[in-house]
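There are 2 protein chains.
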Amino acid sequence: MNEEVIVYPLHGRAAKATFPPTMNSKGHLLWPLGFSAAGVYSGIKSKPTPDVGLLVCQHPASAAALFTTNKVVAAPVIVGRKHIAAGRLRGVVVNSGNANACTGKRGMADAQRMCQMAAEQLNCDADEILPSSTGIIGRLMPMEKIAQGIERAAGCLGDSVEHALQFADCILTTDLKRKAAATQFKVGRQIVRIAGVCKGSGMIGPRLDTKTGGKHATMLAYLTTDAAVSPAVLHRMLAEAGENSFNAVTVDDHTSTNDTVCIMASGLSGAKISTPAAKKSLAAALSEVCQSLAYQIAADGEGATKVVKIRVRGAATEAAAKAMARMIANSPLVKCAMNGNDPNWGRIVSAAGMAGVEFDPDRSVLTLAGAVVFRRGQPAEFNAAKVSGDMKSPEVQIDLDCRAGKGDATVWTCDLSKEYVTINADYHT
Amino acid sequence: MNEEVIVYPLHGRAAKATFPPTMNSKGHLLWPLGFSAAGVYSGIKSKPTPDVGLLVCQHPASAAALFTTNKVVAAPVIVGRKHIAAGRLRGVVVNSGNANACTGKRGMADAQRMCQMAAEQLNCDADEILPSSTGIIGRLMPMEKIAQGIERAAGCLGDSVEHALQFADCILTTDLKRKAAATQFKVGRQIVRIAGVCKGSGMIGPRLDTKTGGKHATMLAYLTTDAAVSPAVLHRMLAEAGENSFNAVTVDDHTSTNDTVCIMASGLSGAKISTPAAKKSLAAALSEVCQSLAYQIAADGEGATKVVKIRVRGAATEAAAKAMARMIANSPLVKCAMNGNDPNWGRIVSAAGMAGVEFDPDRSVLTLAGAVVFRRGQPAEFNAAKVSGDMKSPEVQIDLDCRAGKGDATVWTCDLSKEYVTINADYHT
Numbered sequence: 001m002n003e004e005v006i007v008y009p010l011h012g013r014a015a016k017a018t019f020p021p022t023m024n025s026k027g028h029l030l031w032p033l034g035f036s037a038a039g040v041y042s043g044i045k046s047k048p049t050p051d052v053g054l055l056v057c058q059h060p061a062s063a064a065a066l067f068t069t070n071k072v073v074a075a076p077v078i079v080g081r082k083h084i085a086a087g088r089l090r091g092v093v094v095n096s097g098n099a100n101a102c103t104g105k106r107g108m109a110d111a112q113r114m115c116q117m118a119a120e121q122l123n124c125d126a127d128e129i130l131p132s133s134t135g136i137i138g139r140l141m142p143m144e145k146i147a148q149g150i151e152r153a154a155g156c157l158g159d160s161v162e163h164a165l166q167f168a169d170c171i172l173t174t175d176l177k178r179k180a181a182a183t184q185f186k187v188g189r190q191i192v193r194i195a196g197v198c199k200g201s202g203m204i205g206p207r208l209d210t211k212t213g214g215k216h217a218t219m220l221a222y223l224t225t226d227a228a229v230s231p232a233v234l235h236r237m238l239a240e241a242g243e244n245s246f247n248a249v250t251v252d253d254h255t256s257t258n259d260t261v262c263i264m265a266s267g268l269s270g271a272k273i274s275t276p277a278a279k280k281s282l283a284a285a286l287s288e289v290c291q292s293l294a295y296q297i298a299a300d301g302e303g304a305t306k307v308v309k310i311r312v313r314g315a316a317t318e319a320a321a322k323a324m325a326r327m328i329a330n331s332p333l334v335k336c337a338m339n340g341n342d343p344n345w346g347r348i349v350s351a352a353g354m355a356g357v358e359f360d361p362d363r364s365v366l367t368l369a370g371a372v373v374f375r376r377g378q379p380a381e382f383n384a385a386k387v388s389g390d391m392k393s394p395e396v397q398i399d400l401d402c403r404a405g406k407g408d409a410t411v412w413t414c415d416l417s418k419e420y421v422t423i424n425a426d427y428h429t
Numbered sequence: 001m002n003e004e005v006i007v008y009p010l011h012g013r014a015a016k017a018t019f020p021p022t023m024n025s026k027g028h029l030l031w032p033l034g035f036s037a038a039g040v041y042s043g044i045k046s047k048p049t050p051d052v053g054l055l056v057c058q059h060p061a062s063a064a065a066l067f068t069t070n071k072v073v074a075a076p077v078i079v080g081r082k083h084i085a086a087g088r089l090r091g092v093v094v095n096s097g098n099a100n101a102c103t104g105k106r107g108m109a110d111a112q113r114m115c116q117m118a119a120e121q122l123n124c125d126a127d128e129i130l131p132s133s134t135g136i137i138g139r140l141m142p143m144e145k146i147a148q149g150i151e152r153a154a155g156c157l158g159d160s161v162e163h164a165l166q167f168a169d170c171i172l173t174t175d176l177k178r179k180a181a182a183t184q185f186k187v188g189r190q191i192v193r194i195a196g197v198c199k200g201s202g203m204i205g206p207r208l209d210t211k212t213g214g215k216h217a218t219m220l221a222y223l224t225t226d227a228a229v230s231p232a233v234l235h236r237m238l239a240e241a242g243e244n245s246f247n248a249v250t251v252d253d254h255t256s257t258n259d260t261v262c263i264m265a266s267g268l269s270g271a272k273i274s275t276p277a278a279k280k281s282l283a284a285a286l287s288e289v290c291q292s293l294a295y296q297i298a299a300d301g302e303g304a305t306k307v308v309k310i311r312v313r314g315a316a317t318e319a320a321a322k323a324m325a326r327m328i329a330n331s332p333l334v335k336c337a338m339n340g341n342d343p344n345w346g347r348i349v350s351a352a353g354m355a356g357v358e359f360d361p362d363r364s365v366l367t368l369a370g371a372v373v374f375r376r377g378q379p380a381e382f383n384a385a386k387v388s389g390d391m392k393s394p395e396v397q398i399d400l401d402c403r404a405g406k407g408d409a410t411v412w413t414c415d416l417s418k419e420y421v422t423i424n425a426d427y428h429t
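In order, the protein sequence lines correspond to chains A and B. The numbering used here puts the first residue of the first sequence at 1, with every later residue one more than the last. The numbering used here puts the first residue of the second sequence at 1, with every later residue one more than the last.
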């Protein structure tokens, strides 16, 4: 059955990665049993691509969500945090083109109204709907357009691959590529499916609250599964998966006001996630899908020409490893060197040193695109022209071994190009 | 006497700022009594501009220094921390074109050798010399060039404005402009002079250790004064001034391995800094010079077309205000908006919210280029075309009033342009 499963390759050689990943008739967002979706163009975005969507479970699903840790939170995040509290959702209502952030009381009323509109169409309570918005901050929502969008989306719900594509598209903003992943596993003899879509290209520096439930950078991700699992277990697994996927990707380290990751579990596979083995399988599958989605965000970062995978290992703790990896990933100097295929490893070592955690360069070994460039405090001899050539790849790997402990973390980012500046200097409010 | 004093305007209107500041025959680095300097071209840099220099006091000066907090420190910083411990220096030896960082034991020996060479020329002990290097990381020092450079510099020491200019130039790397400032004050009837030069354009995100004595980002600054002041008082004042100047400027938030700020006090004015009034005057003058130098770094940031001055006030604490101001200053999205003259204030508010400190947007007021754009949780009406026009200025001011406390902090940065990417993607190792 493996040929039905689409997981974006994370651990293979970059050359084998397929850009972009596609959803086939099996491994898409609506492949897990019990879900339907739709995405329509309501006129919020100037470009006529879907901008309002619904993702629906045929009955109240076990659900969990993570939100931004930004202190400035968009209205739909405030409403979403409240609605997820019970651990049950019928669906998700989303729009792109307007973030409904910094919009005051009117914005709060609009986010609640979106839920009410969706609930009326689905014949459920408004607090069974999780709302999300992404787009420009500080603009009031065009509620007439959104109202007719929700009504039209509800009128054309379905579970085909086309419906999955519509929903995947309706959350995109500056993204150039659709982002999707899916996988499956067995619990006993029963197959459990899990799938997801996400958006994110700029304002990507997610710090999802994986402790208490919350995060932000306009990154949105929605996951479906037909596992039968309790909201509490689902939340724990989502928090763990989120930490090593969405919280490990950065484009510009700008944590957004709207970041939301939401999973709904229909239970319709009949496979109960109750044994340790079943929990382990679901957790692994969830991590795989989340990491694939996060990787796709890095690959489609604004202006990106390549993915940069930064692994820091041998640090004192996992948190220390992640702090160093994140600091390397967010250094504009490192990112520009990646853009220019410049093996300027001093920028990498100095970035690791500014993470505020213990780091002894005299013990460390740095490998760039497969070549050891720095070893135990001293420059290593390497063929700069060859390394530069090897950096002209869809994925460049940076590996820093601190040789001090067992802390190990990986962060994905992209290079910083002139195109990033063009996109963000010219995208006027 | 005010006409002799050159202080780069910080608090006036941007239109009145003079780019670049110049040193006249009075207000330069060698204007305080007792100092001489020289800068020569030794062949380290490919461009034939000064790359080795000496700054010397005619007798052992009271001295203090701050260094990088990066865990990866260049050899000259390790040596400098040791040599400054006694609070006495005869001089400073500097080179540009090579950072002598990540160079292992050989690098340590080279930094010590630079001090020995300078000491032989000045007939003092090696530990009375503070060494600094700036340039590429991970290359062994060309010690033959440096040796002849130090010898030639020692042979042409002088205290003219030309000598001050040579020294100001020999620390520059990607800087397009020379950076200098000077001021004076009276203690009783005696005039005390204070002056400084610095370098910094990229890898600028100084986090100088103002607590215990240390910092890094290749920012170098050297200050001279003829005040008679103890090393302990001088260190306290330098730490305080450094916190609100060099530690409040960022270009790319990349803390360097070599950042060093050093001040020498000759005492030759005869004015003893012993009374509270005299201490207050010296502290104010030192702050003024340091802030002017920091401002000049922002103005000459790699690829910069303008200075962005970010003030956050009304925060719970000064530390909270600074954390928010720094987060706004380092957001690539905010910096690109500044480059594009785009009044996209949502990026500013959301950046403030990700600083990890308490921030309530519902109480806050954001002013951009003089216009209130966001007030108490809601968008304010403003003329976007006018604000965009006003942003086409050498200095754009962002003012965020949190209305929650008395915390007040200002950070200076520059915009992010395509030119920054060109400089840092093409500057090959």
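Just so you know, not all the hints are guaranteed correct.
Cross-link-like lysine to any residue pairs, in silico, SDA-like; alpha carbons within 20 angstroms at most [unchecked claim]:
1) Lys105(B) - Pro231(A)
2) Lys45(B) - Gly188(B)
3) Lys418(A) - Thr422(B)
4) Lys82(A) - Pro231(A)
5) Lys418(B) - Lys82(A)
6) Lys280(A) - Glu243(A)
7) Lys145(A) - Glu243(A)
8) Lys418(A) - Lys105(B)
9) Lys105(A) - Asp362(B)
10) Lys105(B) - Val365(A)
11) Lys105(A) - Lys45(B)
12) Lys105(A) - Gly377(B)
13) Lys105(A) - Lys105(B)
14) Lys177(A) - Lys280(A)
The set of hints was computed from the structure by calculation and includes no laboratory data.
Problem set entry | Hinted pair Lys105(A) and Lys45(B), Cα distance within 20 angstroms | At roughly 60 angstroms apart (the allowed maximum being 20 angstroms), Lys45(B) and Lys105(A) break the hint.
Exercise. Has the given pair, Lys105(A) with Gly377(B), been kept, meaning a C-alpha gap of at most 20 angstroms?
Worked result: OK: Lys105(A) and Gly377(B) at ~8 angstroms, within 20 angstroms.
Exercise. Is Lys105(B) close enough to Val365(A), meaning Cα to Cα at most 20 angstroms?
Worked result: Holds, because 16 angstroms separates the two Cα atoms, which is no more than 20 angstroms.
For this session: With a cut-off of 20 angstroms on the C-alpha distance, tell me whether Lys105(A) and Asp362(B) pass.
Result: holds, 10 angstroms
Problem set entry | Restraint check for Lys418(B) with Lys82(A), where alpha carbons must lie at most 20 angstroms apart | Distance of about 42 angstroms is beyond 20 angstroms: violated.
Exercise. Does Lys145(A) pair with Glu243(A) here, judged by a C-alpha cut-off of 20 angstroms?
Worked result: violated, 36 angstroms
For this session: Decide if the proposed pair is consistent with the structure: Lys280(A) and Glu243(A), CA atoms, cutoff 20 angstroms inclusive.
Result: Distance ~16 angstroms between Lys280(A) and Glu243(A) Cα, so the pair holds.
Exercise. Is the Cα-Cα distance between Lys418(A) and Lys105(B) 20 angstroms or less?
Worked result: violated, 39 angstroms
Problem set entry | Pair hint outcome, Lys105(A) versus Lys105(B) [Cα-Cα no greater than 20 angstroms] | The given pair, whose Cα atoms are some 63 angstroms apart, is violated under the 20 angstroms limit.
For this session: Quickly compare the C-alpha distance for Lys45(B) and Gly188(B) to 20 angstroms and report which way the hint goes.
Result: violated, 46 angstroms
Problem set entry | Agreement of Lys82(A) and Pro231(A) with the hint, judged by alpha carbon distance not exceeding 20 angstroms | Judged against 20 angstroms, a Cα distance of about 15 angstroms means the pair holds.
Exercise. Does Lys280(A) lie within 20 angstroms of Lys177(A) when you go C-alpha to C-alpha?
Worked result: Violated - the C-alpha atoms of Lys280(A) and Lys177(A) are around 31 angstroms apart, more than 20 angstroms.
Violated hints, listed in ascending order, are 1, 2, 5, 7, 8, 11, 13 and 14; each of the other numbered hints is respected by the structure.
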